[in-house]
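> Following the hints, complete the assembly by docking chain B onto the known chain A.
Just so you know, the sequences run in chain order A and B. Here my numbering is used: position 191 in the first sequence is 262, and no number is missing along the way. Here my numbering is used: position 193 in the second sequence is 421, and no number is missing along the way.
Everything labelled a hint here was simulated from the structure, so no lab data went into it. No experiment lies behind these values; they were computed from the predicted model shown. Think of the CB as a built atom: it goes at the ideal place given N, C-alpha and C, for glycine as much as any other residue. Heads up, some of the hints might be wrong.
Mimicking DSS-like on lysine-lysine, the simulated pairs with C-alpha atoms at most 25 angstroms apart in a straight line are [as the list claims (entries may be wrong)]:
{"id": "1", "chain 1": "B", "residue 1": "K238", "chain 2": "A", "residue 2": "K132"}
{"id": "2", "chain 1": "A", "residue 1": "K132", "chain 2": "B", "residue 2": "K234"}
{"id": "3", "chain 1": "A", "residue 1": "K136", "chain 2": "B", "residue 2": "K234"}
{"id": "4", "chain 1": "A", "residue 1": "K264", "chain 2": "A", "residue 2": "K76"}
{"id": "5", "chain 1": "B", "residue 1": "K411", "chain 2": "B", "residue 2": "K277"}
{"id": "6", "chain 1": "A", "residue 1": "K80", "chain 2": "A", "residue 2": "K195"}
{"id": "7", "chain 1": "B", "residue 1": "K386", "chain 2": "B", "residue 2": "K411"}
{"id": "8", "chain 1": "B", "residue 1": "K403", "chain 2": "B", "residue 2": "K307"}
{"id": "9", "chain 1": "B", "residue 1": "K277", "chain 2": "B", "residue 2": "K407"}
{"id": "10", "chain 1": "A", "residue 1": "K136", "chain 2": "B", "residue 2": "K238"}
{"id": "11", "chain 1": "B", "residue 1": "K305", "chain 2": "B", "residue 2": "K421"}
{"id": "12", "chain 1": "B", "residue 1": "K281", "chain 2": "B", "residue 2": "K307"}
Per the computed footprint, the stretches of chain A lying under chain B, defined by three or more beta-carbons under 8 angstroms from a beta-carbon of chain B, are [stated by the list, open to error]:
{"id": "13", "region": "131-141"}
{"id": "14", "region": "153-159"}
Chain A residues, not near chain B, derived (Cβ > 10 angstroms throughout) [claimed, not checked]:
{"id": "15", "residue": "V90"}
{"id": "16", "residue": "D106"}
{"id": "17", "residue": "T107"}
{"id": "18", "residue": "F217"}
{"id": "19", "residue": "F218"}
{"id": "20", "residue": "L257"}
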Amino acid sequence: MNYLKIMFKGIFTSNPVFVLALGLCSTLAVTGRADTAFFMGVMVGITTIFSTVIVSALRYKIPFKFRLMSYMLIIITAVISVEQLLRAYYPDMARTLGQYVGLIVTNCVIMGRCEGFAVSHGPKETFFDAMGVSIGYFLVLLSIAFFRETLGNGTLWGLHVMPGSYVPCRVFNSPSGAFLTFAAMLYFVNLVKGWFKGE
Amino acid sequence: MKGPLKDSLKDLLFMLILSSFCAFLLLATRSAVGERAELSAGTADAILKIIGKEVLPSDDQLIESFSEIFVRRQSGKIKFWRAVDKPDFWACEASGNGMWSEITLAFVIDTTTWQIMGLRIVEQNETAGLGSRISEDRFVEQFTGLYGENGVEMASYKIMNNQFDAITGATSSSKSVEKLLNKALSMLRERVKAGDTNQNELS
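Just chain A, with the same shape it has in the complex (with noise of 0.2 angstroms):
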């Protein structure tokens, strides 16, 4: 019970997206498509639970001055694997992700949940964490790419799901689309936040 626990408050009480504001940057630039969402998520999800399960492992061994080169050591191994991964079974969807795959390894969300959980809990506790986390993380991807790919292109995974009279207002699909939603949400996730605490 305590393990789910700490999943849900990962997902949704301590969301890395919209509760804690940790990796904006790949959130904002994968999120054109739902697919390119999809696998970003589910790489920062191996990586994230790789990870901070390693690090809690080994958080009694690793020496304080170089715990930071530990963890980047290990994020970079995880980032590396799944990135040889992906290429060698999903070429063109490493292709479409580009640099985002290799700047996994400075993702905000992996680094906070090894600083700020691992050291300090039981790898089985950890690994709740960070499936909690990167559920969380994945979740906020899908929805954001769900209105930008939808609102952008009239399309959903490549589907047409807009009428066909819909005409597609491609600023979803800018940066600034990427702004515009991510903005609308966190509006909405705050404001039913508010309500549930009554304010």
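The following block gives chain B in isolation, referenced to the frame of chain A:
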């Protein structure tokens, strides 16, 4: 041994073990993925078509068939493979900037005569109806039989045996193909002149 020195050595030992563990994991992934990370099915398909091999239906079979014929000699933006049975046959995949996005081309060359056996555009996203015509057979077939030792040249009138004609209205995309091909040919020439041996494999 004094305390601080002992601690530092312990820290260094830990970092050494962690680095080795990470390196081992990377090697394991690399060996699990194999040639797939370096070779796309599109490139394998293009090169097998150039050498006249039967086109196989699935990506796995394409890569397997390609790996039986060629062995990789160089990775990166410009990749080389050398034929196992005919060491003078080289396959190459080169990626570089086009007018709007990256162009990836593949070609096969015989380094005894330096004749290009064929060239295909594996991937491009140039202007529809103009630059995108670099993928058409009419354009790529010009490269078959061109003499590539000193590079190829884009020209309005073909006088030399290393010249080809650009696509009308798509000079920039044609120029990108010329630049990319010349870069690959120059690298290959250096590699062949230096003597490609097993020692410099995958450098």
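> Decide if the proposed pair is consistent with the structure: A:K264 and A:K76, CA atoms, cutoff 25 angstroms inclusive.
Holds, at about 18 angstroms.
> Holds or violated: A:K132 and B:K234, Cα atoms, limit 25 angstroms.
holds, 15 angstroms
> Would you say A:T107 is clear of chain B, with no C-beta pair closer than or equal to 10 angstroms?
holds, 16 angstroms
> Given the hint that A:K136 pairs with B:K234, does the C-alpha gap stay at or below 25 angstroms?
Since the Cα atoms of A:K136 and B:K234 sit roughly 15 angstroms apart, the hinted pair holds (cutoff 25 angstroms).
> Just to be careful, I want the Cα atoms of B:K277 and B:K407 compared with a cutoff of 25 angstroms; is the pair within it?
holds, 23 angstroms
> Under the criterion that the straight-line Cα-Cα distance not exceed 25 angstroms, is the pair B:K386, B:K411 satisfied?
Given that 25 angstroms is the threshold and the Cα spacing comes to 21 angstroms, the pair holds.
> Can the restraint linking B:K411 and B:K277 be considered satisfied, given a maximum Cα separation of 25 angstroms?
holds, 23 angstroms
> Keeping to a limit of 25 angstroms between CA atoms, is the pair of B:K403 and B:K307 held or broken?
Status holds; Cα separation ~20 angstroms.
> Quick check: do three or more residues in the region 131-141 of chain A have a beta carbon closer than 8 angstroms to a beta carbon of chain B?
Contact hint for the region 131-141 of chain A vs chain B: holds, 7 residues under 8 angstroms.
> Run the distance test for B:K305 versus B:K421: straight-line Cα separation, threshold 25 angstroms.
Roughly 21 angstroms separates the two Cα atoms, so the pair holds.
> Can we trust that A:V90 is non-interface, i.e. its beta-carbon lies farther than 10 angstroms from all of chain B?
holds, 31 angstroms
> Hint check: B:K281 vs B:K307, CA-CA at most 25 angstroms. Holds or violated?
holds, 20 angstroms
Violated hints are absent here; each numbered hint is respected by the structure.
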